[in-house]
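Chains as they are written, first to last, in the working numbering: chain A, 1 to 315; chain B, 1 to 250.
Please keep in mind that the hints were generated in silico from the structure rather than gathered at the bench. Warning: the hint list may mix true and false statements.
[To be verified] Heads up, simulated SDA-like pairs for lysine to any residue below, C-alpha to C-alpha not over 25 Å straight-line:
hint	chain 1	residue 1	chain 2	residue 2
1	B	K118	A	Y172
2	B	K32	A	W296
3	B	K118	A	A4
4	B	K9	B	I145
5	A	K76	B	A113
6	A	K76	B	K32
7	B	K118	A	G63
8	A	K248	B	D112
9	B	K118	A	E230
10	B	K32	A	L86
11	B	K10	A	S240
12	B	K10	A	T73
13	B	K118	A	H127
14	B	K118	A	W296
15	B	K118	A	G53
16	B	K118	A	I241
17	B	K10	A	I182
18	A	K76	A	P65
19	A	K76	B	L119
20	B	K32	A	P225
21	B	K118	A	H61
22	A	K76	B	Q202
23	B	K32	A	P226
24	A	K76	B	P6
25	A	K76	B	L186
26	B	K118	A	D36
27	B	K32	A	T227
28	B	K32	A	L222
29	A	K76	B	K7
30	B	K118	A	A292
31	B	K9	B	L186
32	B	K118	A	L223
33	B	K118	A	H64
34	B	K118	A	Y72
35	B	K32	A	L223
36	B	K32	A	M228
37	A	K76	B	R101
38	B	K118	A	P65
39	A	K244	A	G63
Each chain, letter by letter, is given below.
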Amino acid sequence: MHPAYSVIFFTTASGAGYGLILLAALFGVLNGVPLDPWFGAITLGLGTILITGGLLSSTAHLGHPERAWRAYTQWKSSWLSREGILATATYVPLVLTAWGWLVEGSLEGPFGVFACILILFCLLTVHSTGMIYATLRTIRAWHDRMTVPGYLCFALLNGALWFHAISQMFGYQTPEIALAAIIGLFLTFYIKRKYWRSIDTIPGPATPESATGLGDIGRVRLLEPPTMTENFVQREMGYSIARKHAQKLRRICFFTYFLIPIILTGLTSSSDAWIAVPGTLLAALSASVGVAIERWLFFAEAKHVSMLYYGAERS
Amino acid sequence: MTLLPPKGKKKLGLVIDLDTCVGCHACAVNCKEWNTGGHSAPLPDHDPYGADPNGVWFNRVHTFEAGEGTASRTVHFPRSCLHCEEAACVTVCPTGASYKREEDGIVLVNEDACIGCKLCSWACPYGAREYDTDAGVMKKCTLCIDRIYNETLPEEDRVPACVATCPASARHFGDLGDPNSDVSHLVEEREGKELMPELGYQPVNRYLPPRTRQKDQGASGVGAALTPVTDPDAEGAGRFLRWVDRVLSR
Chain A
1 MHPAYSVIFF TTASGAGYGL ILLAALFGVL NGVPLDPWFG AITLGLGTIL ITGGLLSSTA
61 HLGHPERAWR AYTQWKSSWL SREGILATAT YVPLVLTAWG WLVEGSLEGP FGVFACILIL
121 FCLLTVHSTG MIYATLRTIR AWHDRMTVPG YLCFALLNGA LWFHAISQMF GYQTPEIALA
181 AIIGLFLTFY IKRKYWRSID TIPGPATPES ATGLGDIGRV RLLEPPTMTE NFVQREMGYS
241 IARKHAQKLR RICFFTYFLI PIILTGLTSS SDAWIAVPGT LLAALSASVG VAIERWLFFA
301 EAKHVSMLYY GAERS
Chain B
1 MTLLPPKGKK KLGLVIDLDT CVGCHACAVN CKEWNTGGHS APLPDHDPYG ADPNGVWFNR
61 VHTFEAGEGT ASRTVHFPRS CLHCEEAACV TVCPTGASYK REEDGIVLVN EDACIGCKLC
121 SWACPYGARE YDTDAGVMKK CTLCIDRIYN ETLPEEDRVP ACVATCPASA RHFGDLGDPN
181 SDVSHLVEER EGKELMPELG YQPVNRYLPP RTRQKDQGAS GVGAALTPVT DPDAEGAGRF
241 LRWVDRVLSR
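Put together the whole structure using the sequences plus the hints.
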């Protein structure tokens with residue numbers, strides 16, 4: 001599948017934003033961090049910038065961005081519509097939680113409820129992003145049980161690492177956040193490993209024989225494509241540049257999203273500020289690069305079943 | 001609404017005979033010709049005479065090889081929208097632009113509501129939808145909705161453009177929901193195939209597989225011995241013709 005940069009930026013940025021907001025709200029409600037207004041403004045503000053920037057960039061690949069409001073109408077059947085509605089609805093508890101944290105200085109009573117609703121909406125939004133991909137039976141690599149957990153894990157992992165870095169900047173010694181980041185790292189590593197093993201070993205059900213109905217004659221292969229030049233379907237679904245480098249990119253991805261962050265988090269988070277701040281910041285930056293590569297691979301490695309009509313031998 | 005309508009009785013669609021299709025691409029060309037002035041007009045046509053011609057086509061003809069050795073077959077394979085009963089291109093649409101008609105099962109795009117997100121083209125296993133970069137909307141086969149119900153056309157022309165033009169009569173149009181229709185009989189007689197049934201989209205269109213050969217033939221595909229058109233020993237064949245026959249038989 002062709003990896004549109006706007007979609008990759010959207011899913012990684014907004015994923016990190018929802019993860020960051022979720023962890024801030026969670027630790028805020030559980031009194032895990034001081035409810036300092038500046039700390040709240042920076043964590044919730046950065047999260048808001050990430051999700052808003054992501055949402056705006058996702059409209060950049062549309063043919064008619066001015067009609068984007070229409071995407072709020074088909075929540076009954078479309079996960080893309082549900083994602084749009086949930087993403088927009090999240091701003092309500094976000095503003096109310098920010099009010100509690102920044103103005104009232106408390107996340108108790110009704111503001112605690114708003115923060116819990118915010119956590120739920122962050123999870124639901126990222127879940128529906130994953131479901132857009134996971135429900136496409138046409139793309140084996142996306143129609144996988146690990147797709148949605150993958151989206152959720154990467155959002156939480158990125159959010160945890162950024163939250164950790166920001167709290168270090170404020171001089172908060174919070175081993176709980178470091179622990180959350182390390183749990184997130186291992187969970188993501190496990191899910192992603194399982195995902196890659198699954199797509200490498202279990203092919204899609206369709207074959208050139210079933211795609212043409214000619215299986216009774218024997219093995220089917222393409223003799224002539226319909227046109228000499230590539231058409232829309234081939235350009236959009238037949239993207240194959242990355243597959244050649246997939247193993248190498250997976251390794252780079254593993255280093256950047258897992259190995260470097262886990263070493264940096266483990267070694268630096270309990271040190272003095274002059275080590276801990278750059279260390280945890282680098283961990284978050286490295287993971288963000290890793291997630292962007294992972295998301296790019298998620299697209300570039302995915303084969304669309306329609307390519308069986310253009311010479312693909314398996315789906 | 002992009003929820004699928006309740007399943008209707010009428011299922012208009014195409015039956016494509018892979019035995020008689022000669023791969024001439026006339027269906028694809030006439031489709032483009034009609035539809036660039038029809039319901040989804042215009043269809044983009046970039047650099048048509050240049051090095052990289054590009055544009056939207058609703059119908060494309062692939063050629064496959066099936067089987068091995070002397071038993072193998074070259075099969076021309078026209079591919080277009082199959083107007084699925086479980087059309088995921090409809091249900092994934094976030095705006096309601098993509099829809100399936102309850103009255104005849106035709107899947108269409110309302111171009112005024114399409115935001116051009118392309119998700120429907122990702123959801124189609126058959127690669128039937130093509131994006132119009134000029135208009136910023138998705139386009140697809142309309143089953144020539146502007147021909148089949150068009151009362152200004154003579155009745156015999158009220159069929160999709162691809163069907164009307166096929167010189168080999170390899171394309172048939174009709175109601176596949178009616179077990180007594182001509183197309184349904186054809187599917188039954190020739191054991192018409194559903195494409196990729198394992199994905200569960202329940203396409204309406206059917207493909208008739210090539211007929212099995214009647215006798216063992218050589219690699220050329222020509223019968224081992226042709227029945228002579230004329231019998232050289234027959235009465236009335238003169239000495240000259242018999243001599244020609246002998247010379248040519250050497």
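Okay, the hints, checked on the actual structure:
no.	hint	verdict
1	B/K118 x A/Y172	46 Å, violated
2	B/K32 x A/W296	35 Å, violated
3	B/K118 x A/A4	11 Å, holds
4	B/K9 x B/I145	18 Å, holds
5	A/K76 x B/A113	17 Å, holds
6	A/K76 x B/K32	35 Å, violated
7	B/K118 x A/G63	9 Å, holds
8	A/K248 x B/D112	44 Å, violated
9	B/K118 x A/E230	17 Å, holds
10	B/K32 x A/L86	41 Å, violated
11	B/K10 x A/S240	41 Å, violated
12	B/K10 x A/T73	28 Å, violated
13	B/K118 x A/H127	21 Å, holds
14	B/K118 x A/W296	18 Å, holds
15	B/K118 x A/G53	21 Å, holds
16	B/K118 x A/I241	21 Å, holds
17	B/K10 x A/I182	58 Å, violated
18	A/K76 x A/P65	22 Å, holds
19	A/K76 x B/L119	16 Å, holds
20	B/K32 x A/P225	18 Å, holds
21	B/K118 x A/H61	9 Å, holds
22	A/K76 x B/Q202	21 Å, holds
23	B/K32 x A/P226	14 Å, holds
24	A/K76 x B/P6	15 Å, holds
25	A/K76 x B/L186	38 Å, violated
26	B/K118 x A/D36	44 Å, violated
27	B/K32 x A/T227	14 Å, holds
28	B/K32 x A/L222	24 Å, holds
29	A/K76 x B/K7	18 Å, holds
30	B/K118 x A/A292	22 Å, holds
31	B/K9 x B/L186	19 Å, holds
32	B/K118 x A/L223	29 Å, violated
33	B/K118 x A/H64	11 Å, holds
34	B/K118 x A/Y72	17 Å, holds
35	B/K32 x A/L223	23 Å, holds
36	B/K32 x A/M228	17 Å, holds
37	A/K76 x B/R101	18 Å, holds
38	B/K118 x A/P65	13 Å, holds
39	A/K244 x A/G63	31 Å, violated
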